[in-house]
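Order-wise, the sequence lines are chains A and B. What the first sequence shows, in my numbering, is residues 393 to 565, in sequence order. What the second sequence shows, in my numbering, is residues 59 to 886, in sequence order.
Since the hints were derived computationally from the structure, they do not count as laboratory data. All C-beta atoms, glycine included, are put in the ideal place defined by N, C-alpha and C. Honestly, I wouldn't trust all of these hints.
[Claimed, not checked] In silico lysine to aspartate or glutamate, EDC-like type, Cα no more than 20 Å apart, as pairs: (1) A:K412 / B:D252; (2) A:K464 / B:E258; (3) B:K500 / A:D474; (4) A:K412 / B:D505.
[Claimed, not checked] Among the chain B residues that face chain A by a calculated CB cut under 7 Å, a handful are: (5) F256; (6) T267; (7) P271.
What follows is the residue order along each chain.
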Amino acid sequence: MLAEKYAARIDQIFSKYPTKRSAVMPLLHLAQEEFGYVNEEAIQQVAVLCDMDPTQVQSIAGFYTMYSERPKGKYWLQVCTDLACALRGADKFHKELKEHLGVEEGGTTEDGLFTVEHVMCLAACDKAPMLQCNFHFEENLDMDKMKARIEAWRAEAAAEKSGAKKASAKTKA
Amino acid sequence: MVTAMTKLVKVIIDDREYDFPAGMNLVDAAKQVDVTIPVFCYHPKMKPVGMCRMCLVEVGNIQKDRATGEVLLDDSGNPQIRWMPKLQTACTMNVSDGLVLRSTSKAVDEARRNVVEFLLTSHPLDCPICDKGGECPLQNQTMEYGPGESRMNFEDKKHLDKHVPLGDLIFLDEERCIQCGRCVRFQAEVAGDDVLAFHERGRDLQIITVSDPGFDTYFSGNTTDICPVGALTTTDFRFGARPWEMNSVPTLCNHCPVGCNTSASTRLDRDFGGKTMIKRIMARQNEQVNEIWMCDKGRFGHHFTRSEDRLLQPMVRAAGGSLSRETWADAVAAAAKLLGDANGSVAVIAGPSATNEDLFTLKQLAAGVGSTRLGAWPPTHAGADLVAKVGVGKGTNLSNLGKGDAVLVIATDLEEEAPIWRLRVKTAHDRGAYVVVANARKTRMDDFADAVTMYQTGHAATAFADLRKQHPEVAERLINANNLVVFAGAEGLTLDGSRALMQACANFLIETNHVGRANNGLVGVFPGANAMGQHYLGFSPEATRDIIANPPKVLILAQADVVADDPAAAAWLSKVETVISLSLFDDEATRQAKVVLPVQSFAERDGSYTNGERRVQRFYTAQGPIGEAIPAWQAVARIAEKLGQGKARLSAAQVMNDIVAAIPAFAGCKYSDLAKVEAQFPQVGGDDLYYGGTSYKNTGGLGVQIASAADNGEAVALGDVKADAVKGDLIVVPTVRLYNRERVFQASEAQLMAARVAAPYVEINAEDAARLAIHDGDMVQVSAGAAQPVKVRAHVNGAAPKGTVLLPRNLQQTATALTIAAGTVTKV
């Protein structure tokens, strides 16, 4: 339950707003962080927290593109392909990135690590091609740089995985 | 709306000058002077949102000299107008002094053409199979304002789900939706249940619900009326008939005291032997009664009229004991003989759906054989006589309640007992009226109240005294309200307790000078459609109690299903020598009758009801006859004729003439008076489908409200309040659920309402449950007073106060307690 796990953070979020309802968006972000995407569970829990009807919460999650209602890879890569970025080769970059990872638009790699999709302007036109990975910017990209980043993320994920394994082995011992 | 207080402003619409009350929006203002500004999303019953862009118009202002305030003139002497650089949405702008509006111009026409063309790019244009086809605002406005051709590449058209159940009663066709949000706004603003919302955006935008329960309010059908396209349709009617093959017959809903004006869409139908059949029921506008709304029970609860269980022929019990079919003449003769031989030991018990005409004829028949014992069924709610004295004043319209006014709802679960009053009190609350709910338990109405006060079960009558003592600020607001309407029911009260409460309400209203004026006074939340008619025509629950205590030789049951309602009925009925039953159905009481006379439902006949606000309203024959059933008044009149009491009348209208002549309260209630209509705002319906949807215009009459004694200037005196409360460790309170297994709801229930009717249950307080070792969901046996114990499921859900169990009536075939009684609950 979000309410128990993040009690302090939730209190802090509520403290910023005059009514509980106003806190629905940051709480949805919190839920997305927790569940990987905004699933049914997230909607129900946020609805209870904000004292709103779940339908209204779902509506908000549906309207804003930064909430995902489908499962995403661990690294959610959103490539800006708007006009300014396209002029600096973002279209080509986007296409090559998908080919490199072997995914369709909006698809997730089989290992569950990467989701690639194109998005509208992220306000970093001068540093295109660029993308945001889990809402953090990666700028001035080309495929060489990108391949290196991808390897780094794969290593990071593998390390986390084995670390988790070791940790669970330790607790077992 | 328009009062003397409202400031008038001068507005020029299409070169002509008009005065409008300030605050009115441009669409409504233009409509008042017959200038049409087309709309899709705007609806006068809801706040404007300016989403569909169909109402774009040219708006400007007459220029004035800032220093002198003089109107500036151009070279040719006309006022200078500064036009706004872009078109404006008329629904989101209000009239103001010097405003100039052009409803048609090149720019406006082009804007409308573009809006329609754009809307149609994602519309399936499946009008030939669409239920709305023929009465569709989108169709009409496409013909009127659309481009005729589209530049859309139809390969790019979005295809979406066409059969999405939003609830069990309403289907959404995602392709047809034009995203006006009327349904979403209706749920949030009018019904107060925001379970619908938009999801996604742009072309992907859809109406969704993920609530639990979902789109399941008692008002859901209204969204299909106001939907300006065929996106929302009812499970009951969809694909049932085409609008142009149906006739619209003005009728009334007879399920509750609100008396919603309805319109039956009928056609000759194969499924009904080629006779005229009701295909659907929709709301008919009566701003003072139901506005343009109705509840789903009324909308879908018409199937009973064609039930296979309907009685088709008169029957008479032979000497041997079994009922056999007879001709009307023989059955009437048999009934007349029984009544004639009764030596005056005759009584009548009339049910809640007997019309004014039925009741009057019954009263005359009884008088003719020397009886004045006229009982009203069910005998649960007293005080109709007090409503006749201090009921809401003539001209009352709940829509006029707002800031400075107050409403008190006491001893009733208004949502379950009279849904449209709940809806209208909710909207009054939104307009600023101070709403107080006083009950012995929580109800849905609490969500729309400014103050909720609880009294101990059964102690409603002392609630006013308590209010003054314990919540002086609440009492103060009620006392000082400009207008005060009190809705009083009888939940958790005995018949005497109910009288005490009604008297206490009447006293409070008299003391605080809230009687004899429009928008002030008492409304009884009585069972059925015609409790006030029962009162005016001499039927009372007290008489019923007397009939039960002192059984007559011959008892006439007129559409009173006493055995289904009252667990003690079998016992007291057995003491009556002879029962004559006028009934729609072969019910328990009918099975004990000597003479059974099949009568017509509201659908097959003319008649009138007197609603809870004392408005006499008439309904018209909508459906073809069933079997040999005739109107109850006619059956009664034929018996009277046989007894030599005079010739039977030929029509319901003639009976009403007799009522008008005999009963002073009904003065001015001839059928021709009841049929009078006048212009109402907003002008819904009509051929232009102006505000869209298919809420029907009223062509059948607005009815006539009977003046209360206070209205007539008669002195109304305070009365004694004799509190009467049941004592016991555990008190069983019968409650009313809107959807239940009462006879008239069963047929529709089988077809589509089955899932909506709750399984039999009892609600018990957590403390009591713990004491009795009962858990939520356990099967328990409930016994109350002398009633046969019933086995139901226990709900320990916080609904029942301590020491009280709530046992809904009519959720099962066996009758449960009709009135409050001490009882026990045991686990089985």
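Outcome of the hint check:
| no. | hint | in the structure |
| --- | --- | --- |
| 1 | A:K412 / B:D252 | 17 Å, holds |
| 2 | A:K464 / B:E258 | 18 Å, holds |
| 3 | B:K500 / A:D474 | 55 Å, violated |
| 4 | A:K412 / B:D505 | 18 Å, holds |
| 5 | F256 | 5 Å, holds |
| 6 | T267 | 5 Å, holds |
| 7 | P271 | 11 Å, violated |
The structure fails hints 3 and 7 (numbered hints given earlier, in ascending order).
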